[in-house]
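Protein chains: 2
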Amino acid sequence: MSSASAPPVDEISSLSLTPDTTTVEESEFSQRVLIRSIISRPDGGAGLAGQTVRVGGWVKTGRKQGNGTFAFLELNDGSCPANLQVIVDEAVGQLSQLVATGTCVHLEGELKVPPVEAKQRVELRVQKILDLGTVDPAKYPLPKTKLTLELLRDYVHLRPRTNTLMVTVTFCLCIQISAIARIRNALAYATHTFFQKHGFLYVHTPIITTSDCEGAGEMFQVTTLISDAEKLEKELIKNPPPSEADVEAAKLLVTEKGEAVSQLKSAKANKETITAAIAELTKAKESLSKLEERFKLKPGIPNKDGKIDYSQDFFARQAFLTVSGQLQVETFACALSSVYTFGPTFRAEHSHTSRHLAEFWMVEPEIAFADIQDDMNCAEAYVRFLCQWLLDNCLDDMEFMVKNYDKSAIDRLRMVSSTKFVRISYTEAVAILEEASKERQFENKVEWGIDLASEHERYLTEVKFKSPVILYNYPKGIKAFYMKVNPDNKTVAAMDVLVPKVGELIGGSQREERYEVIKERILEMGLPLEPYEWYLDLRRFGTVKHSGFGLGFERMILFATGLENIRDAIPFPRYPGRADL
Amino acid sequence: MSSASAPPVDEISSLSLTPDTTTVEESEFSQRVLIRSIISRPDGGAGLAGQTVRVGGWVKTGRKQGNGTFAFLELNDGSCPANLQVIVDEAVGQLSQLVATGTCVHLEGELKVPPVEAKQRVELRVQKILDLGTVDPAKYPLPKTKLTLELLRDYVHLRPRTNTLMVTVTFCLCIQISAIARIRNALAYATHTFFQKHGFLYVHTPIITTSDCEGAGEMFQVTTLISDAEKLEKELIKNPPPSEADVEAAKLLVTEKGEAVSQLKSAKANKETITAAIAELTKAKESLSKLEERFKLKPGIPNKDGKIDYSQDFFARQAFLTVSGQLQVETFACALSSVYTFGPTFRAEHSHTSRHLAEFWMVEPEIAFADIQDDMNCAEAYVRFLCQWLLDNCLDDMEFMVKNYDKSAIDRLRMVSSTKFVRISYTEAVAILEEASKERQFENKVEWGIDLASEHERYLTEVKFKSPVILYNYPKGIKAFYMKVNPDNKTVAAMDVLVPKVGELIGGSQREERYEVIKERILEMGLPLEPYEWYLDLRRFGTVKHSGFGLGFERMILFATGLENIRDAIPFPRYPGRADL
Numbered sequence: 001m002s003s004a005s006a007p008p009v010d011e012i013s014s015l016s017l018t019p020d021t022t023t024v025e026e027s028e029f030s031q032r033v034l035i036r037s038i039i040s041r042p043d044g045g046a047g048l049a050g051q052t053v054r055v056g057g058w059v060k061t062g063r064k065q066g067n068g069t070f071a072f073l074e075l076n077d078g079s080c081p082a083n084l085q086v087i088v089d090e091a092v093g094q095l096s097q098l099v100a101t102g103t104c105v106h107l108e109g110e111l112k113v114p115p116v117e118a119k120q121r122v123e124l125r126v127q128k129i130l131d132l133g134t135v136d137p138a139k140y141p142l143p144k145t146k147l148t149l150e151l152l153r154d155y156v157h158l159r160p161r162t163n164t165l166m167v168t169v170t171f172c173l174c175i176q177i178s179a180i181a182r183i184r185n186a187l188a189y190a191t192h193t194f195f196q197k198h199g200f201l202y203v204h205t206p207i208i209t210t211s212d213c214e215g216a217g218e219m220f221q222v223t224t225l226i227s228d229a230e231k232l233e234k235e236l237i238k239n240p241p242p243s244e245a246d247v248e249a250a251k252l253l254v255t256e257k258g259e260a261v262s263q264l265k266s267a268k269a270n271k272e273t274i275t276a277a278i279a280e281l282t283k284a285k286e287s288l289s290k291l292e293e294r295f296k297l298k299p300g301i302p303n304k305d306g307k308i309d310y311s312q313d314f315f316a317r318q319a320f321l322t323v324s325g326q327l328q329v330e331t332f333a334c335a336l337s338s339v340y341t342f343g344p345t346f347r348a349e350h351s352h353t354s355r356h357l358a359e360f361w362m363v364e365p366e367i368a369f370a371d372i373q374d375d376m377n378c379a380e381a382y383v384r385f386l387c388q389w390l391l392d393n394c395l396d397d398m399e400f401m402v403k404n405y406d407k408s409a410i411d412r413l414r415m416v417s418s419t420k421f422v423r424i425s426y427t428e429a430v431a432i433l434e435e436a437s438k439e440r441q442f443e444n445k446v447e448w449g450i451d452l453a454s455e456h457e458r459y460l461t462e463v464k465f466k467s468p469v470i471l472y473n474y475p476k477g478i479k480a481f482y483m484k485v486n487p488d489n490k491t492v493a494a495m496d497v498l499v500p501k502v503g504e505l506i507g508g509s510q511r512e513e514r515y516e517v518i519k520e521r522i523l524e525m526g527l528p529l530e531p532y533e534w535y536l537d538l539r540r541f542g543t544v545k546h547s548g549f550g551l552g553f554e555r556m557i558l559f560a561t562g563l564e565n566i567r568d569a570i571p572f573p574r575y576p577g578r579a580d581l
Numbered sequence: 001m002s003s004a005s006a007p008p009v010d011e012i013s014s015l016s017l018t019p020d021t022t023t024v025e026e027s028e029f030s031q032r033v034l035i036r037s038i039i040s041r042p043d044g045g046a047g048l049a050g051q052t053v054r055v056g057g058w059v060k061t062g063r064k065q066g067n068g069t070f071a072f073l074e075l076n077d078g079s080c081p082a083n084l085q086v087i088v089d090e091a092v093g094q095l096s097q098l099v100a101t102g103t104c105v106h107l108e109g110e111l112k113v114p115p116v117e118a119k120q121r122v123e124l125r126v127q128k129i130l131d132l133g134t135v136d137p138a139k140y141p142l143p144k145t146k147l148t149l150e151l152l153r154d155y156v157h158l159r160p161r162t163n164t165l166m167v168t169v170t171f172c173l174c175i176q177i178s179a180i181a182r183i184r185n186a187l188a189y190a191t192h193t194f195f196q197k198h199g200f201l202y203v204h205t206p207i208i209t210t211s212d213c214e215g216a217g218e219m220f221q222v223t224t225l226i227s228d229a230e231k232l233e234k235e236l237i238k239n240p241p242p243s244e245a246d247v248e249a250a251k252l253l254v255t256e257k258g259e260a261v262s263q264l265k266s267a268k269a270n271k272e273t274i275t276a277a278i279a280e281l282t283k284a285k286e287s288l289s290k291l292e293e294r295f296k297l298k299p300g301i302p303n304k305d306g307k308i309d310y311s312q313d314f315f316a317r318q319a320f321l322t323v324s325g326q327l328q329v330e331t332f333a334c335a336l337s338s339v340y341t342f343g344p345t346f347r348a349e350h351s352h353t354s355r356h357l358a359e360f361w362m363v364e365p366e367i368a369f370a371d372i373q374d375d376m377n378c379a380e381a382y383v384r385f386l387c388q389w390l391l392d393n394c395l396d397d398m399e400f401m402v403k404n405y406d407k408s409a410i411d412r413l414r415m416v417s418s419t420k421f422v423r424i425s426y427t428e429a430v431a432i433l434e435e436a437s438k439e440r441q442f443e444n445k446v447e448w449g450i451d452l453a454s455e456h457e458r459y460l461t462e463v464k465f466k467s468p469v470i471l472y473n474y475p476k477g478i479k480a481f482y483m484k485v486n487p488d489n490k491t492v493a494a495m496d497v498l499v500p501k502v503g504e505l506i507g508g509s510q511r512e513e514r515y516e517v518i519k520e521r522i523l524e525m526g527l528p529l530e531p532y533e534w535y536l537d538l539r540r541f542g543t544v545k546h547s548g549f550g551l552g553f554e555r556m557i558l559f560a561t562g563l564e565n566i567r568d569a570i571p572f573p574r575y576p577g578r579a580d581l
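Residue numbers (UniProt numbering), protein chains in the order written: chain A, 1 to 581; chain B, 1 to 581.
Simulated from the structure, these hints should not be mistaken for laboratory data.
Take the hints with a grain of salt, since some may be wrong.
You can't tell identical chains apart in this list, so a pair holds if it fits in one copy or across any two.
Calculated pairs, DSSO-like style, for lysine-lysine (alpha carbon to alpha carbon, straight line, at most 30 Å) [claimed, not checked]: (1) LYS64 with LYS403; (2) LYS479 with LYS231; (3) LYS231 with LYS296; (4) LYS304 with LYS238; (5) LYS501 with LYS420.
Whenever a hint applies, use it, and build me the whole structure from the sequences.
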């Protein structure tokens, strides 16, 4: 492969398509042509008729026809939502082995224009079956019949193969897990492209952390204490520790051997005799110290002063899974100026809602020399870039979602990518909501100082403005210690981006860069100073005005696809009671 | 920002440079021009003379001149390794506040060509200090004096700001943590670009897992049992559990209240009286059941049959941090064909070497319809792409590394990007090493069947072939259960990519896709079948030939930069006894 220069980003989705030629190339690292590169051509692949190709994929539906003389297969290889129609003659292979849903085939054949004008502009007439992975339909857990998304979560290892299925009992909606996977992939690459384009450096913040960003998060603990204790317990069963009597006997031996040495010395015995006695004493001492060490071994997790002794843990202190990379990425912003992190974050909350995961991905940029206005500009540009990227690079999958799941998904992307976001202060928003509550009933009462509820946020973005909305300058009492206190001393320079369908998509702020002020805020919130000393150092030495925000990546997927449950927006959902695979 | 179409990838590094105009633009989301966009222009920025700009950054060195009438500052903002020279007049600001290393300044001034031809082609004459973050040099932990990389690991929150420093006592080598950060960033984006370009989908495999990929890894446990136990303990101290006597008394009360009801009923008392008595009975019963529940609460980690009761843990089972995303990403390869994962992985090994981290990042592609040859083609193309990318996009940082740290770093990249990798079988490699050991002494004896040591790998790539080498077809006894057994039944279709400087950079294999064979291999290795049932399902239903590999991302950084210790290749290193921040 020639790698002399990188390809333009906007050619990436079409790199395998070669739409302007009458041939199609095999993928460089697998022995097949991507189905997308055939049927996503402007001519639907008709121009490729006559070419012999190899394709591979999984049978979505298959049926024998013409009294069993040939079979039709709908073949999908995950490269696009559409299937390739394949015709196999009984002379080529055993048709009953091919038609079962889930069967994997690797085929060689000729592309042909269907005899009768059909939905397909091209189909494959198979000449040779190169490889076959059969399915016993009686045992396959995912048959053609319609399944619910809920049920599919019990088959996370097979659900990427799913085609159309019911998502609720009452509505006949359809969805494809693979379409969501492609949309997720596109949003991830769009994220990197956006920030790289704007000179941001990607920083891998730590997953295992000894800091608690928010000071109040429910965190997962990371430890080797339990497995070490289990190992020790097994070892002690196999090889029991000495009794107190064993230790006493060993002590006695040391005393005896010591006395023997003294006696020999005072008796001026010969050198060899004394040396031999000293050797025996040394041996006795070593044996005692080993026994004493093993005697101290206690099964169970090590304790000290009635508390768990974390000095024995892997990191010699208590460690957790990160809830946010923000504080750590700030150390890089305060040196490299524009940075971002994009990685997994964790909350050990026992919440069973359709909006929470125990493991989810966050995008967190952090910008030096930027105030809250710059921060809002960046957030708006980023969200609009993501929407436009899906329209440019994932339209087939988005059309699939519109057709089968959420009619307004593409309209929503178009609206956001082309609309300037409304920006109003929290105080203005509360006034609007108070006015609105004269006419409509909110479940949660609105008044200045409250944390807005989802219903309020959605009213603003979906009803009042019908547009994305950025709220800024929140009451300091409901926000984190690191947010910059405004001159009014009542609000902080925080901002949230609200979008239709999901409400809050982004939360961010200008950071408090004044040492005295942030120290005061930490104490005010009843947090200890010691764990934040390194964070305070960023303000002590060469402090800089800076701002940043966080976008919940799965929320962005809900927004883009219209999915209802966040557990379907991530390949391997983790929530209370479930961590399959 | 217009986001109608994505920019070409190869323009990304130059997006902020605008090298063909005589003006330079401020970054869209922060109030300053990137220093890179000034001094990385072909003319070194001389063409921008006369323009007024805002810049921000940290003072690397500063000195007063002309009897304290002006100061020279070397300013770095992290956008490139070079500094911008800045001249401040005493009329503009208090010079002694500006010259301390680490000081952050946000400045407005005019770009000028230096009066005397100097290293710099352009310098900034400051007109206004917009913002200032001072440093007390007496307290700043990172002064201009030379520090060791070892010492710097105690200041992970400040080390991104470091400029030149000694890395060993004997050699006067210099390094810049920020250069490594930019190289790491470039390699991450190059990774995504390579795989996207080739039609691979990025899949986020889980971090928290209930599977053990290798079957023998030292894994970190993820749990809420300890914090739950601590919470309970605190609660029980605050609000002690009932005594047995309390429970007995409550039981007695229930009996009494029950008898009272019976008596009233048999005495045919009036309805209200009976109802009131029943209400009292119900209350007594509720109170008893609450007491009984609290009576059962035991401090400590929940046990059942002498073992820890993991049904009480967050995921209702034992959970760990992943050691590899491979097995999980295979579920997506067996549906979407070409996929990759790029995420953090973890090993709880107590190893204190310069080659091991407890938390590190891995790139793991997985390709359906691909055999071991395709796998090697992909690995080779990927590594060469990464090298070429650094030459195209990070040359200034690479030149910095060459000048200050590793003379051969650029030559190594050039060699790998332009050389076809040597491919030989393990058996051939052993023959070569046996021949070589007649003339040179290896620490580890070579014979067919052993796992090659680092010295053997480095001999092959550095001495024998002076080129990257791919070894394939390893003895099955030293490889994992999921690797495809070759027809000789002695070897498996595994491959390792060896490169100069680090030895093994990539390990991969064709996967065993035959259900009966892989099941046999799992049992042969003494592993239980049950945890792998989902993995076996991929072979049971529509199995497919597939291959993949893993690249240790930090190893790639060692290879590219010539760094000696892997702890300096990751922003926040985690190893036994250390997890700062």
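Results of checking the hints against the structure:
Taking identical chains as interchangeable, the C-alpha atoms of LYS64 and LYS403 lie at most 30 Å apart only when both belong to the same chain, with a minimum of 28 Å there against 69 Å between chains. For a Cα distance limit of 30 Å, the shortest separation of LYS479 from LYS231 across copies, 25 Å, qualifies, whereas the shortest one inside one copy, 44 Å, does not. In this assembly of identical chains, the alpha carbons of LYS231 and LYS296 lie at most 30 Å apart whether taken from the same copy (16 Å) or from different copies (28 Å). Taking CA atoms no more than 30 Å apart as the test, LYS304 paired with LYS238 passes in both settings, with 26 Å inside one copy and 22 Å between copies.
Taking the shortest alpha-carbon separations for LYS501 and LYS420, only the intra-copy value of 18 Å comes in at or below 30 Å, while the best inter-copy value is 52 Å.
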